[in-house]
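*Asks:* Here is what each chain is made of, one letter per residue.
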Amino acid sequence: MTTAEESMLRANAIGTPLTRLDGTEKVTGTAPYAVEHPVDSPAHLHPLQAAIALGRATGIDTSAAEAEPGVLAVLTHANAPRLASTGNGELEILQSGEVGYRGQFLGGVIAETPEIARRAADLIRVHYERYEHDVELRADRDDLYKPEQVNPAFDTDTAQGDADGALASAAVTLDATYSTPMEHNNPMEPHATIACWTDGELTLHDSTQGVYWTQAAVAPLFELDQQQVRVISPHVGGGFGSKGIPHPNVVLAAMAARLVPGRPVKFPLTRQQMFSVVGYRTPTIQHVRLGADEQGRLSAITLDVVEQTAKVKEFAEQTAIPTRTMYAAPHRRTSHRLAALDTPVPTWMRAPGECPGMFGPEVAMDEMALACGLDPIEFRVRNEPETDPESGLPFSSRNLVACLREGARRFGWHDRDPRPGTRRHGEWLVGTGVAASTYPVFAMPGSQATIRATPDGRYAVRIGAVDIGTGTWTALTQIAADALEVSVGEVDLEIGSTTLPTASGAGGSSGINSWGSPIVAAARTLRARLDEHGGTVPAEGVEATEGMPDNPHTSQYAMHSFGAQFAEVWVNADTGEVSVPRLLGIFAAGRIINARTGRSQLLGGMTMGLSMALHEESVLDPRFGHVVNHDLAEYHIATNADVGSLEVDWLDEHDPYVNPMGSKGIGELGITGTAAAITNAAYHATGIRVRELPLHPDKFLR
Amino acid sequence: MRLSFTVNGRQCEADDVWEGESLLYVLRERLGLPGSKNACEQGECGSCTVYLDGVPACACLVAAGQAAGREVGTVEGLAEGDGLGAVQESFVEAGAVQCGFCTPGLLVATDDLVNRVPHPSDAEIRESLAGNLCRCTGYEKIMDAVRLAADRRASSEASRSGKTDA
Amino acid sequence: MIPFDYQRADRADGAVAAVGVRPAAAFLGGGTNLVDHLKLGVAEPELLVDVTRLPFDGIDTLPDGGVRVGATVRNSDLAAEAIVRQRYPVLSQALLSGASGQLRNLATTGGNLLQRTRCPYFQDVTTPCNKREPGQGCSARGGYTRYHAILGASEHCVATHPSDMAVALTALDATVHVTGPNGQRDIPVTELHRLPGDEPHRDTVLEHGDLITAVDLPELPMAARSRYRKVRDRASYAFALVSVAAALDVEDGTVREARIALGGVAHKPWRANTAEQALRGAPATEQSFREAAEAELAEAQPVRDNAFKVPMARNTLVATLRDLAGEEAR
Numbered sequence: 015m016t017t018a019e020e021s022m023l024r025a026n027a028i029g030t031p032l033t034r035l036d037g038t039e040k041v042t043g044t045a046p047y048a049v050e051h052p053v054d055s056p057a058h059l060h061p062l063q064a065a066i067a068l069g070r071a072t073g074i075d076t077s078a079a080e081a082e083p084g085v086l087a088v089l090t091h092a093n094a095p096r097l098a099s100t101g102n103g104e105l106e107i108l109q110s111g112e113v114g115y116r117g118q119f120l121g122g123v124i125a126e127t128p129e130i131a132r133r134a135a136d137l138i139r140v141h142y143e144r145y146e147h148d149v150e151l152r153a154d155r156d157d158l159y160k161p162e163q164v165n166p167a168f169d170t171d172t173a174q175g176d177a178d179g180a181l182a183s184a185a186v187t188l189d190a191t192y193s194t195p196m197e198h199n200n201p202m203e204p205h206a207t208i209a210c211w212t213d214g215e216l217t218l219h220d221s222t223q224g225v226y227w228t229q230a231a232v233a234p235l236f237e238l239d240q241q242q243v244r245v246i247s248p249h250v251g252g253g254f255g256s257k258g259i260p261h262p263n264v265v266l267a268a269m270a271a272r273l274v275p276g277r278p279v280k281f282p283l284t285r286q287q288m289f290s291v292v293g294y295r296t297p298t299i300q301h302v303r304l305g306a307d308e309q310g311r312l313s314a315i316t317l318d319v320v321e322q323t324a325k326v327k328e329f330a331e332q333t334a335i336p337t338r339t340m341y342a343a344p345h346r347r348t349s350h351r352l353a354a355l356d357t358p359v360p361t362w363m364r365a366p367g368e369c370p371g372m373f374g375p376e377v378a379m380d381e382m383a384l385a386c387g388l389d390p391i392e393f394r395v396r397n398e399p400e401t402d403p404e405s406g407l408p409f410s411s412r413n414l415v416a417c418l419r420e421g422a423r424r425f426g427w428h429d430r431d432p433r434p435g436t437r438r439h440g441e442w443l444v445g446t447g448v449a450a451s452t453y454p455v456f457a458m459p460g461s462q463a464t465i466r467a468t469p470d471g472r473y474a475v476r477i478g479a480v481d482i483g484t485g486t487w488t489a490l491t492q493i494a495a496d497a498l499e500v501s502v503g504e505v506d507l508e509i510g511s512t513t514l515p516t517a518s519g520a521g522g523s524s525g526i527n528s529w530g531s532p533i534v535a536a537a538r539t540l541r542a543r544l545d546e547h548g549g550t551v552p553a554e555g556v557e558a559t560e561g562m563p564d565n566p567h568t569s570q571y572a573m574h575s576f577g578a579q580f581a582e583v584w585v586n587a588d589t590g591e592v593s594v595p596r597l598l599g600i601f602a603a604g605r606i607i608n609a610r611t612g613r614s615q616l617l618g619g620m621t622m623g624l625s626m627a628l629h630e631e632s633v634l635d636p637r638f639g640h641v642v643n644h645d646l647a648e649y650h651i652a653t654n655a656d657v658g659s660l661e662v663d664w665l666d667e668h669d670p671y672v673n674p675m676g677s678k679g680i681g682e683l684g685i686t687g688t689a690a691a692i693t694n695a696a697y698h699a700t701g702i703r704v705r706e707l708p709l710h711p712d713k714f715l716r
Numbered sequence: 125m126r127l128s129f130t131v132n133g134r135q136c137e138a139d140d141v142w143e144g145e146s147l148l149y150v151l152r153e154r155l156g157l158p159g160s161k162n163a164c165e166q167g168e169c170g171s172c173t174v175y176l177d178g179v180p181a182c183a184c185l186v187a188a189g190q191a192a193g194r195e196v197g198t199v200e201g202l203a204e205g206d207g208l209g210a211v212q213e214s215f216v217e218a219g220a221v222q223c224g225f226c227t228p229g230l231l232v233a234t235d236d237l238v239n240r241v242p243h244p245s246d247a248e249i250r251e252s253l254a255g256n257l258c259r260c261t262g263y264e265k266i267m268d269a270v271r272l273a274a275d276r277r278a279s280s281e282a283s284r285s286g287k288t289d290a
Numbered sequence: 018m019i020p021f022d023y024q025r026a027d028r029a030d031g032a033v034a035a036v037g038v039r040p041a042a043a044f045l046g047g048g049t050n051l052v053d054h055l056k057l058g059v060a061e062p063e064l065l066v067d068v069t070r071l072p073f074d075g076i077d078t079l080p081d082g083g084v085r086v087g088a089t090v091r092n093s094d095l096a097a098e099a100i101v102r103q104r105y106p107v108l109s110q111a112l113l114s115g116a117s118g119q120l121r122n123l124a125t126t127g128g129n130l131l132q133r134t135r136c137p138y139f140q141d142v143t144t145p146c147n148k149r150e151p152g153q154g155c156s157a158r159g160g161y162t163r164y165h166a167i168l169g170a171s172e173h174c175v176a177t178h179p180s181d182m183a184v185a186l187t188a189l190d191a192t193v194h195v196t197g198p199n200g201q202r203d204i205p206v207t208e209l210h211r212l213p214g215d216e217p218h219r220d221t222v223l224e225h226g227d228l229i230t231a232v233d234l235p236e237l238p239m240a241a242r243s244r245y246r247k248v249r250d251r252a253s254y255a256f257a258l259v260s261v262a263a264a265l266d267v268e269d270g271t272v273r274e275a276r277i278a279l280g281g282v283a284h285k286p287w288r289a290n291t292a293e294q295a296l297r298g299a300p301a302t303e304q305s306f307r308e309a310a311e312a313e314l315a316e317a318q319p320v321r322d323n324a325f326k327v328p329m330a331r332n333t334l335v336a337t338l339r340d341l342a343g344e345e346a347r
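Residue numbers (our numbering), protein chains in the order written: chain B, 15 to 716; chain C, 125 to 290; chain V, 18 to 347.
Source of the hints: derived by calculation from the structure; they are not laboratory data. The reader is advised that the hints may include incorrect statements.
Using C-beta positions, here's what the derived DEER-type ranges look like [to be verified]:
| no. | chain 1 | residue 1 | chain 2 | residue 2 | range |
| --- | --- | --- | --- | --- | --- |
| 1 | C | SER279 | V | ASP81 | 43 to 53 Å |
| 2 | C | GLY178 | B | ASP666 | 19 to 29 Å |
| 3 | B | HIS141 | V | LEU212 | 50 to 60 Å |
So, partial list: chain B residues that the calculated Cβ filter (under 10 Å) puts toward chain C [said to hold, decoys possible]:
| no. | residue |
| --- | --- |
| 4 | LYS40 |
| 5 | VAL49 |
| 6 | GLU129 |
| 7 | PHE254 |
| 8 | VAL274 |
| 9 | ALA652 |
Far from chain B by the CB rule (all over 10 Å, computed), these chain C residues [unchecked claim]:
| no. | residue |
| --- | --- |
| 10 | SER171 |
| 11 | CYS226 |
| 12 | PRO228 |
| 13 | ASN239 |
| 14 | ILE249 |
| 15 | LEU272 |
| 16 | GLU281 |
| 17 | ARG284 |
Only a predicted model underlies this, so the values are computations on that prediction, with no experimental measurement involved. In this text, a Cβ means the ideal position worked out from N, Cα and C, and glycines have one as well.
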């Protein structure tokens, strides 16, 4: 039996800043995204969306639309294919006239051009019976419920010791409520699909984070075998979770294509449509209570979270999860409660759980440090746990303190005056803040990789993985090269299709772990077989296929990455405008496979965190049930001009237990804690403690 | 209508064009140039940025009829000879590309910037490119790419003028 | 989007005639607002007359020392024009604070003045709006009103005008040249835009078929020291929460003259006459600036989400005047 150390891959290509292998295609505009795949005589779909939040379409008059020249078919629940009941109320659209949220698909027009489809869709008249809808999340609702578990399969509530008792007797206490608003993923490429039926089988060119995830969701709806649905997705223009599991747009495209068999139907969503049909991050209300002794040692931590889900399908964001791991305290409690509303279905958005869950508690840690008279770094160090606080398991590696210390050194934290509102640069109030980052190490089951060596010295590596911009093409090539002990130039990677061996999707920062591990296993088997051939490749080639190996350490260790983020924030004393001239993130996330793409992932995560801190807020109008600011002019994401000096680095972290690459996944780590660091810095600048994101200028006006 | 205009230096004709459809649609669907991306169709993201008579513009907001007789340049026209253009090369090298969907528009906007401003300051770069939203990179590597492209553009200008002097 | 006809105009009279005779015809300028509205279904013209190639693309000095800006001059060109940057910096700054480079390269002087509100209920044909369809009701009242008016609104409409350029032109007392079915006329820019009253569908005093041909900037030496300050939720590429266009003439510590307009606070660029009046002859001090700002905003009536605009407008005006006075002192 080999030890963890012995099974670790020797790094050669891994760790180098290999230039992105799909870079040339992308800078020349030739990388094909979903609807850009060349297809013969495509038809175009424009959807019909519900203009009420709850009720029933009692009549849909499609006559004017059908009469438009160029219209091929009009789809409604009257002629839609019957779907099998799979218990997924989000995807089972057009089975009746029932409306469960505003913007829900009621049908669509298939036409020769997108303009005709759009125009004809406008001509459809819908008569509704309206029911009274309910779309407002409040913590004081009397119908909050406890979900059976939270995403993906965590306990809803946890408790240890006597938190209430410990809080009652604590020398220093904090009791505060924090909130994060509804946010939308908004990848730059809108969700898009080409659907085509031929001989009873369905082909989807889809912008997805998981070709097999899409297949698994779509096939049973249409009562097809998995292999009768082919999903192709070599390049994806971002996803951040919303392209993880398919949304109703994929089903609508497949339904529409059924009406024009043999013709591919193109269905790119508009930006506005994305705000009602492809998911969002739930708003969260986070009630934090902390108790500590005079030395600043935490005796109690509680976090009670209230958030929303949709009546048509449950999604329970795991917001309290990081609190179960971050700091030591003998008495602790976490809980999640949901309001089921007549809204679209929330979904994964970059670091679901950890991202909102590292806002409230990390601001609370700042407040508590001040209350204890301690520097916020020292306060965190004092409450560093020796083992995972809830499970008691040792950490496979945990370098939060090292990140805090290294970040403090690099940021120039040592001479920081803790008093708020005392530094000024012209009309700007200046402050600095810190917060921690964390993200779990997830491994998805089920992936397989096939590697084929041919006598020409090439190694074809095949796996149905995807690249949503993270760098999969490049990183998996590096891993395969090192596992095969060849150069990256000898590896031909194929990903992005269900014609390749089965694979999990890009989610939970698990891609490299879940795809890289079977690639390493297949490479090792292949090399053993090559050895049997005396090291030469026979004319017919040699092939090996391996699945995701079991990792015995998973049950023995708590596996998480950590980091520390530092922010300098300027707040305009006159106008309240908030600017972030400086952000530094120091992370410990195992071995970084590709320094170039990896750095960009972390930088991008922090910038999305900055965007969350300063800008992002989907405003739901309770009277109509829709997101009012449903475009990129009104839903602000950070522009280049919002970003200042942005620096990322990582510690060399050796972790032989997580997987053979020693890597932990970095797609989501960077966004966790950023908003808290910025909020803490804004407090330091102004003395105004904001507990509700985003940090809009009006919150700092005096 | 028959739309006649110049695309990447070549005279182009497209038939049966409705004047009200967007220039972006004409480029992507009628001329087979999918490089320019449609990410908002409202001028709110910059992914469709093309040169229109020499200045960057959002192709999604230009009615096809308005493009008649004008010169359009897209990402497909940034290559130099058989290889990548300096701006394209800089983006690949600096790691400024992630999902790649904002990239074509950014390349056109960057090409324009480094042509207009020999040594742009960081503040100039950030403001000049504020109309090109990117959701992946955090802009930092884009900044590196623009600085790199500006340096290369400036030094190639210098060597060219050097040759002229000689 | 309905299938409209498209014509390109070579002459102003032809354009006016073409639009004038068809009630559902409209002029098409840079398209940055109208083309969007076509897609959204907010505008449903039967005919668009493209006026971007009319010969109104000059920026010329007038005999009286003013400057005439043609209606088809691009926002980016106007912002970059040396005479504008030197003599009317407030205008250049306002232009550069609007939208993005790609949009400023398309947008025209005439079109920018005629931008329609960004009220999200106006832009969404599934929510009632009196501006889009009179009599439907105002969804903004009782709804999301962060970007809405605090001055001069009516029960029918609480929308704001989104242009930055128009705020600067308002402070500068520019004049708008119009040619229409009934001939030519000049309109002070301060009288071009309307308050909503009970006709919120009318943004301006222009009649159907009226075409803006040019904007005159008057000779105004004090405008050489002028400033545009825009406060927004994002550092760039965002509409104003509030903005201030101001020019200040101070002598020996006393304000001789002030020109002030506010953006983001009303259905039109808001000329701050009350504040200007309060400042004339007052000492150029923080206290005078604050009193003038408070006088201007005394009648403010915020709605659900925008009470913050009162202190924000006050503080931004004070800060802008303070900066200008400081500049003067140097």
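*Asks:* Evaluate each hint against the coordinates.
*Replies:* Status of the hints after comparison with the structure:
{"no.": "1", "hint": "SER279(C) / ASP81(V): 43 to 53 Å", "result": "holds (49 Å)"}
{"no.": "2", "hint": "GLY178(C) / ASP666(B): 19 to 29 Å", "result": "violated (49 Å)"}
{"no.": "3", "hint": "HIS141(B) / LEU212(V): 50 to 60 Å", "result": "violated (38 Å)"}
{"no.": "4", "hint": "LYS40", "result": "holds (3 Å)"}
{"no.": "5", "hint": "VAL49", "result": "holds (9 Å)"}
{"no.": "6", "hint": "GLU129", "result": "holds (6 Å)"}
{"no.": "7", "hint": "PHE254", "result": "holds (7 Å)"}
{"no.": "8", "hint": "VAL274", "result": "violated (18 Å)"}
{"no.": "9", "hint": "ALA652", "result": "holds (8 Å)"}
{"no.": "10", "hint": "SER171", "result": "violated (6 Å)"}
{"no.": "11", "hint": "CYS226", "result": "violated (5 Å)"}
{"no.": "12", "hint": "PRO228", "result": "violated (5 Å)"}
{"no.": "13", "hint": "ASN239", "result": "holds (17 Å)"}
{"no.": "14", "hint": "ILE249", "result": "violated (7 Å)"}
{"no.": "15", "hint": "LEU272", "result": "holds (13 Å)"}
{"no.": "16", "hint": "GLU281", "result": "holds (22 Å)"}
{"no.": "17", "hint": "ARG284", "result": "holds (23 Å)"}
The structure does not agree with the numbered hints 2, 3, 8, 10, 11, 12 and 14 stated previously, though it agrees with the rest.
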